[in-house]
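Student: What follows is the residue order along each chain.
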Amino acid sequence: MNIIAKDTPLVTVKGVKQSYNNGASVVLDHVDLTLRPAEIVGLLGRSGSGKSTLLRTIAGLIRPTEGSVDFEGEPVTGPRSGIAVVFQSFALFPWLTVLENVELGLEAQGVVPAERRKRAIAAIDLIGLDGYEGAYPKELSGGMRQRVGLARALVVHPKLLLMDEPFSALDVLTAETLRTDLLDLWCEGRMPIEAILMVTHNIEEAVLMCDRILIFGSNPGHVIGEIKVDMPQPRNRLDPAFRALVEDIYSRMTTRTGAAVPAREGLFPGTGIAMVLPRVSTNELAGLIETVAAKPYDGKADLPPLAADLRLDIDDLFPVAETLQLLRFAELEGGDLRLTAAGKRFAESEVDERKRVFAQQLATYVPLAAHIRRILDERPSHKAPARRFRDELEDYMSEEYAESTVKAIISLARYAEYFAYDEEADLFTLENPS
Amino acid sequence: MVFLPQDRPEQSAVAAFVRSRLLPNSYDVVAFALVIATIALVLRGSHEMRASLDALQMAPVSLDIGHLPEYALRTTLRMFAAIIASLIFTFIVATLAAKSKRAELVIIPALDILQSVPVLGFLTFTVTFFIGLFPGSQLGAECASIFAIFTAQAWNMAFSFYQSLRTVPNDLDEVSRGYGLSAWQRFWKLEAPFAAPGLIWNTMMSMSGGWFFVVASEAITVGNTTVQLPGIGSYLALAIDQKNFTAVAWAVLAMAVLIVLYDQLLFRPIVAWAEKFRFEQTASQDKPRSWVYSIITRTRLLKRLMIPFGWAWDRLMLIRLDGGRTRARSAEVGRASRVIDYLWLVLVLILTAWGAWIAFDYMRQTLSWSDAKEAFGGGLVTLLRVVILIAVASVIWVPIGVWIGLRPAVAERVQPLAQFLAAFPANVLFPFAVVAIVATGVSPNIWLSPLMVLGTQWYILFNVIAGATAFPTDLKEAASVYQIRSWTWWRRVILPGIFPYYVTGAITASGGSWNASIVAELASWGDTKLEAYGLGAYIAKATEAGDFPRVVLGIAVMSLFVTLFNRTLWRPLYVYAERRLRLD
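Residue numbers (numbering that gives the first Met the number 0), protein chains in the order written: chain S, 0 to 433; chain H, 0 to 583.
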């Protein structure tokens, strides 16, 4: 790679905004980024932060509402040769064999069958799938399927490879093998690719693979920080510098940018009753409180080792930790999770007392729960249709978010026996079925 | 048939030649016989279709058993033509509905109504229309018959295809756009394969119904025009006319053989082949098998001969009309586009209102309100019959179906039989019932009714069997561990478990019964005519008399009844079953 090429950006994203429903819900806002040749860039963020939407915008699958995407100096108006995508779900056609799946992109380009076959077989060999040409995807393991996905991308000789959480549907061991193989191919320059942009929510994966990490914030999605990773390949997960970087990213992701956020509102978008709540199981909430209360954490846990201990991804851990913070059972600060007095009391109590404490925290700190309860108390029938609250929420958020927020509140309130919900009739009630 | 043992490689020069894959193997012989026979039969049959109507008069349908194979062939070809027409219709119309919001606005409600229109009611108009289109040729009557079968199967095939197109997995859609597949490639690589299993299943279901209509539509009398197309249906009609029991029995036998052959030679291989299109990520345990398909996949020379076709198909896939550019999709809908949407909606509404007025105006000229009252009253009686018969059939077949379905060994043997019975055109059996009613002198108003469910009750049976077979073992075990028995077991365990399947079967059965009422409520044996009061008899009589306004009125009232019945009973049940009782 010569020095001049290194300086001309491969992709330039300028002021991209992506909104739905006439601007009612904004997924991406003011996103700028540049991709240069010879680098692997990671887009690291939580699920629902819009990072996949950004990837699809760069791929030309979705047109941005505002802003522009340039590839090699030309605006991207649709899918184009030179950009290939690898999907989280592999996205293989179950009725095509491995060979036919790999040939697909070439067929779209109008390459004649003989040539197609030659190139596809070369790609299959490169990616380590020799002997599986005639197999159907359903006969392969997850790791093998993603190899097919990679071969399908490489065979069209793209300059830019976009990967949407390529390893997150695989088990730990398989994912690691695939990462290493891909890095080997990349470092040895055996792939005709100039740059890779990968979306991930796995911090360690990003630190392991990327030259540059862009941290993505939610609601709406935007880049909140950029980290250069200067460690040479291959990297060692146990290297202190590696650990320090992971730790640093954890604390960056738990702190909201813009600092001056009122403590009451926590980390969730929206304020008051219009707060978007994540759907978290109450078992996980109780489980996390118990784990942090017990040894070796004794009420205060560092997130990276806690995540490793519980075998949770940040995507699983963060919503639980943040819901604890919302309920004031715990506080998140600089990558640490610390139990509050209420959290400790919860950990020490029996079932009935736990429910009482939970209901108290719910009433005090979750405005939507208090709002529903107040209306149920006021009505003589002590009943209210859930539809009414969803409509109310839809003034502030998209239909989907309103739906999932109401579901989240149902789950919390049922556990606390704060109020009940009858699914058949879609009604909130005060009585629990006896 | 003889299958040669596999030669060991060093045995002979012939063996080497065999391995060079040019010499046909034993499977080729069988496959070739099948292929050549099919081509010869199709050529012969289709040549006869173009014969003139006079030829038909010269050599009318006869009860000679020697003619029966030929009649069977003609009937089969009609089915075949109809299915191809239905497929083409499905590919075009359903694709249009799935791709264009504006087309969808018109097509989907239209399909929904067309599904409830009694097929046999159509015949009156189509016969006149098609005979006018090909004057003096049998082709007109052939087309009318084919069209009747077409109307029996096209709508739900199109619906199934449309629904599949709407649910194409997002990631595969993105792959095909991301790698720049043309609309043509996309259709054949993604959409058609994804929709294939649903489409094939629906086609099979439609075929079951199709046999009924092919029998009913071959011998047609509309006013003064009587056409008897050579076929099993006409043979049967003649046998009934001449009170010839032996001939009726032969017709029943021929029909049975035909259905079995059609299933074995056409559908089984297709189902076995289409197994690979099932959208699942793990290989399933029991795959549908077909001996014909196995033979074809093992042939050697036949495969060789197919290579040029494969090559042509490959080239065809490379055709692009869009200049190789795929556009990005926008998340927001433009304002201009929404204005056009509104204008389109207004236009459609105006055209609909205009059409309704034309129809009303047409009927107003000859019909009075008392006619409407008569048709409506008949509709109520037929509705009562359908409700009672479906209820009775359910009470009988649900327990039996559950019993069979829970015993895999029995189910394996009974299930194909139930499917065969569903496909068997019940109208072939009507003469037996009519003779019995005449002989015993019982009321036709009651005893003609069971004929309506004679062919359709099997849909309930085989769906219930399928449901009970699919009932999860762990739930069965849980029920027996906690000793849930008798009525509680039925109410809490098995009935909810099979309910989604039962509803599917009952919907098909009730739809079929409405259609069958046109044939069942007015039956004859020689000169003896039996009639039950009802909408079906109303339409049948109007058809015989060539009384077009009354036929229109009858069809309209029946469509109305069926649509309302579906909307108020079956659809809510179906939605409920899908939402609450799906086990997967």
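FYI, nobody ran anything at the bench for these hints, they're computed from the structure. The model shown is predicted, which means the values in this text are computed figures rather than measured ones. A portion of the hints provided could be inaccurate.
In silico DSBU-like pairs for lysine-lysine, Cα to Cα no more than 30 Å straight-line [as the list claims (entries may be wrong)]:
no., chain 1, residue 1, chain 2, residue 2
1, H, 100, S, 137
2, S, 354, S, 382
3, S, 13, S, 227
4, H, 100, S, 117
5, H, 242, H, 528
6, S, 354, S, 406
7, H, 275, H, 98
8, S, 382, S, 299
9, S, 227, S, 294
10, S, 137, S, 117
11, H, 100, S, 16
12, H, 275, H, 302
13, H, 540, H, 242
14, S, 382, S, 343
15, S, 137, H, 242
16, S, 343, S, 354
17, H, 98, S, 16
18, S, 117, H, 242
Student: Does each hint fit the structure? Answer for all of them.
Tutor: Do the hints match the structure? See the list:
1. H:100 x S:137: violated, 34 Å
2. S:354 x S:382: Answer holds: residue 354 (chain S) to residue 382 (chain S) is near 22 Å, not above 30 Å.
3. S:13 x S:227: holds, 21 Å
4. H:100 x S:117: Distance ~42 Å between residue 100 (chain H) and residue 117 (chain S) Cα, so the pair is violated.
5. H:242 x H:528: Satisfied, since the Cα-Cα distance of roughly 13 Å is no more than 30 Å.
6. S:354 x S:406: Status holds; Cα separation ~19 Å.
7. H:275 x H:98: Measuring from Cα to Cα gives roughly 25 Å; hence the hint holds.
8. S:382 x S:299: It is violated: about 41 Å lies between the C-alpha atoms, which goes past 30 Å.
9. S:227 x S:294: violated, 36 Å
10. S:137 x S:117: holds, 24 Å
11. H:100 x S:16: Satisfied, since the Cα-Cα distance of roughly 26 Å is no more than 30 Å.
12. H:275 x H:302: Roughly 19 Å between the alpha carbons, so the hint for residue 275 (chain H) and residue 302 (chain H) holds.
13. H:540 x H:242: holds, 21 Å
14. S:382 x S:343: With Cα atoms ~34 Å apart, residue 382 (chain S) and residue 343 (chain S) exceed 30 Å; violated.
15. S:137 x H:242: The hint is violated at about 58 Å.
16. S:343 x S:354: Roughly 14 Å between the alpha carbons, so the hint for residue 343 (chain S) and residue 354 (chain S) holds.
17. H:98 x S:16: With a Cα-Cα distance of about 27 Å, the restraint between residue 98 (chain H) and residue 16 (chain S) holds, given a limit of 30 Å.
18. S:117 x H:242: violated, 70 Å
Checked against the numbered hints given earlier, the structure breaks hints 1, 4, 8, 9, 14, 15, 18 and satisfies all the rest.
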